[in-house]
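Asks: So the chains spell out like this:
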Amino acid sequence: MVMSLTEKRYLQESLLSKPPVRPDGRNAEQFRPIEIFTDFLPTSNGSSKIVASDGTECVVSVKCKVVDHAIEKDLIVVDVDIAGRRDDSPLVQEISSILNRVLLLQTDQEQLRLTKKYSFKLYIDVLVLSSYSHPLTLISFAIYSALNCTQLPTLISSKDDLDVAELPTFHDYDMTELNIAVPIMFTLAICGQNVIVDPASSESDVASNGILVTWYNDKVAAPVRTIGLNEEYTRGINPQSLADSIQLIEALAPKVLGALDS
Amino acid sequence: MNITDRRRILGPANAKPLVFDKSMGPAQRGESEEVSSETGNDAMYIENGIVGNSNGSSYLEVKSRINDKNCTLLLTSVYGPRPSRGAFNAKATLSVQFREVTLEKIPAGQLREVCTFLTNIFNAVVNLERYPKSGIDIFLSLIHSSSGPQDYELESIITTCVNGITLAFVDAGIEILDTVSAGMYKKNITAFMKNGTEVVGFWKDDDDNSASEGIMDIVEKCKEHYLQNRKTMIEYMIRSSKSSN
Amino acid sequence: MAFHTKSYETLYPGQLICPTFELGEKKEETQEIIRYVAGNGVAEEDYEVKGHTMRALTATVLGDVSFVEEQAKQIPTEAEHTKDEKEKDLLKEEKKEEITADSNPERTFFVTVTDAKAAKKDVNEDFANNLPREGSVVLARITRISSQRANVEILALENKALPVDSGVGSNGSGVTAPGGGSAAATLSISQASSDLGETFRGIISARDVRATDRDRVKIMESFRPGDIVRAQVISLGDGSNYHLSTARNDLGVVFARAFNGAGGLMYAIDWQTMVAPNTGFMEPRKCAKPF
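Protein chains in written order, with the UniProt record's numbering: chain A, 1 to 262; chain B, 1 to 245; chain C, 1 to 291.
Derived from the structure by calculation, the hints contain no laboratory data. Every residue gets a Cβ at the ideal spot worked out from N, C-alpha and C, and that includes glycine. Just to be clear, a hint being listed does not mean it is correct.
Claimed, not checked - Where chain C lies over chain B, by a calculated footprint (3+ residues, C-beta under 8 Å):
#	stretch
1	130–143
2	172–184
3	225–238
Said to hold, decoys possible - Pair by pair, the computed Cβ-Cβ distance ranges are:
#	chain 1	residue 1	chain 2	residue 2	range
4	A	GLN247	C	LYS50	23 to 29 Å
5	B	ILE143	C	LYS26	56 to 62 Å
6	B	ALA90	A	ASP24	25 to 31 Å
With the sequences and hints as input, model every part of the structure.
Replies: Spelled out as structure tokens, the structure:
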């Protein structure tokens with residue numbers, strides 16, 4: 001929704017007040033309700049669909065392939081597609097670059113090891129059907145739930161295939177659950193001294209700055225950085241806000257993960 | 001629609017035949033700025049205004065204080081403000097283009113991340129209200145970067161970019177709210193304004209000290225580096241404006 | 001000591017100049033207030049000093065600061081320019097009396113920082129990168145005419161240094177970076193190439209050509225494509241065009257060639273006629289008063 005200057009000014013003032021008054025009545029540390037459906041695509045190894053209350057909708061599918069890990073080093077590839085945006089637009093490229101790097105850096109690739117020679121390679125396809133606010137948080141939630149419900153074929157041939165060359169063979173119908181720790185990412189908006197989580201599109205439009213925080217293995221991990229939520233109202237922030245936002249995530253992330261796992 | 005031909009690059013109206021000048025010989029490094037690395041500062045060489053057709057430009061050579069194999073050469077040019085098309089926009093739009101001119105080592109996606117990160121920093125810094133209906137373009141050409149063990153070190157490149165863009169804006173005479181500069185500590189970068197009281201950009205690419213207390217440490221460490229960088233830049237600016245008068 | 005009397009070194013972006021106001025001389029009953037208003041090269045920003053937030057002026061370009069006191073509140077008119085010095089002095093004295101009569105006298109200073117480089121180029125005190133804004137006088141070339149309006153491209157701002165690359169395209173005398181520009185980043189290639197070297201564009205609509213007899217203005221008898229026109233910006237207009245006006249004696253065509261550009265340069269003989277000296281042909285134009 002495009003807002004007039006006056007509307008933006010009003011919204012900005014209310015977000016600057018202490019405590020911030022958000023247009024939908026949430027607290028600073030309150031998320032919008034989301035709905036997650038998992039494992040609904042019959043042809044992929046794992047899938048999830050996430051729907052946010054503002055209509056943002058995102059589908060993630062995980063597929064696997066057996067590769068020789070001596071040749072292919074990167075065992076996770078993320079492909080992002082956002083409806084209404086070109087593949088070479090800055091937002092799409094930025095999001096897919098961040099996701100690729102985070103998943104490659106943080107996840108334990110040993111978990112994908114099949115035999116001494118072969119590994120599973122995961123192809124994660126992200127499709128954002130409609131997006132109204134910065135979709136990174138939702139995408140990372142969706143990837144998290146998709147990877148956590150991913151079933152990979154069970155290996156029946158021997159694990160050691162260096163001496164006797166042998167292609168891995170799989171059980172006809174048994175599947176093994178993929179057990180891998182997945183990082184999740186949060187975008188926070190900073191308005192003056194206030195830090196608010198899960199900014200709606202109207203809030204993003206007037207935020208002073210945005211911060212991206214990654215959460216992995218029960219602690220804040222890389223990357224942490226400022227991201228632009230708008231062009232008009234971007235300003236410098238107090239260094240304390242950085243610490244505040246990380247504190248906020250330290251308090252909130254376990255709860256969010258609890259909700260995603262249940 | 002217009003009378004003038006816009007499809008071709010026409011020769012200028014006052015074109016003159018091509019005449020080759022005698023070569024000038026290597027440029028003198030006498031008036032250059034070389035800060036000694038013994039004091040623990042980065043060695044920085046700055047030269048402004050060497051891209052003739054841009055509004056403002058800066059050339060930076062930075063040799064890291066910690067790792068003497070780490071060297072970054074960056075050329076920044078600023079074009080505009082130029083008219084932008086489309087809807088009325090009361091403020092200027094910034095765009096940052098990054099290019100490696102010699103060896104292409106950095107993946108394209110990561111370059112995009114860097115560009116958006118830099119755009120976001122300078123959206124907060126440039127006095128955009130002064131330039132309605134226009135676009136300001138920043139072109140970064142990375143001439144060389146090395147960092148010993150790795151092929152490149154993205155963090156020192158980004159730091160150099162922030163400093164280079166600020167210098168190019170000053171050279172172009174485009175209004176910026178502060179002499180913004182960035183400081184680096186390990187794999188963390190913080191760009192500051194207003195003498196280190198405000199953060200305009202933060203980039204962290206390793207897991208160390210990620211807790212909320214650790215972050216403040218990192219910011220402090222970056223600030224030391226920022227203050228050094230900013231001092232060097234301001235000294236250069238003041239000196240160059242004095243010598244030109 | 002008041003800030004406007006201090007001497008400053010060369011300023012760099014981000015350097016604080018002065019607060020937005022300060023208290024000046026204190027007399028028995030009155031307290032003088034000095035205000036500082038941000039001009040070119042200066043921005044008003046919030047700063048935190050000892051826990052208090054205060055507004056202060058900072059430099060935004062590299063250069064030297066100047067304080068210019070605001071003279072009269074009235075709108076400057078044509079007549080004022082021609083007033084001789086004596087009259088001006090008189091005016092000032094009148095003003096002084098007014099001030100002393102006021103209970104709390106206020107003085108307002110415009111603070112500007114002048115780009116060192118632009119100053120070197122012998123142009124007015126304004127620095128290089130000012131874009132056209134309401135009220136500024138520009139020189140423009142007519143690109144297209146219709147019965148309702150004339151389209152122009154803005155070539156230069158009067159009394160202002162031209163930035164190296166702006167305002168001149170590939171069809172001008174400057175050099176531009178092919179494929180560069182915000183167009184290359186934001187638009188597709190096909191659009192970008194036709195946008196190469198674009199200048200700021202403007203519209204002079206028929207009712208803004210002259211101040212009198214507006215309904216009977218014929219664009220054809222006022223401008224021709226290729227004419228160089230001196231015009232004033234009346235509004236920033238829409239996304240692509242500034243709105244310009246020539247409804248003043250000193251505004252209008254300054255250079256024109258006869259026969260739609262085929263003939264020689266013409267000279268104005270009155271405000272609506274120009275003549276080509278070697279053929280004696282006359283053509284209608286809305287001319288600017290040359291002196």
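Asks: Could you run down the list of hints and mark each one as holding or not?
Replies: Results of checking the hints against the structure:
1. A stretch counts as covered by a chain when three or more of its residues have a beta carbon under 8 Å from one of that chain; for the stretch 130–143 of chain B and chain C the count is 9, and the coverage holds.
2. Interface restraint, the stretch 172–184 of chain B with chain C: holds (9 residues with C-beta to C-beta distance below 8 Å; minimum three).
3. Check result for the stretch 225–238 of chain B against chain C: holds, 3 residues qualifying (beta carbon to beta carbon below 8 Å, three or more required).
4. Evaluation of the 23 to 29 Å hint for GLN247 (chain A) and LYS50 (chain C) yields a pass: the beta carbon distance comes to about 27 Å.
5. Distance hint for ILE143 (chain B) and LYS26 (chain C): a CB-CB separation of about 60 Å, consistent with the stated range 56 to 62 Å.
6. Judged by the Cβ atoms, the range 25 to 31 Å given for ALA90 (chain B) and ASP24 (chain A) holds: they are separated by roughly 28 Å.
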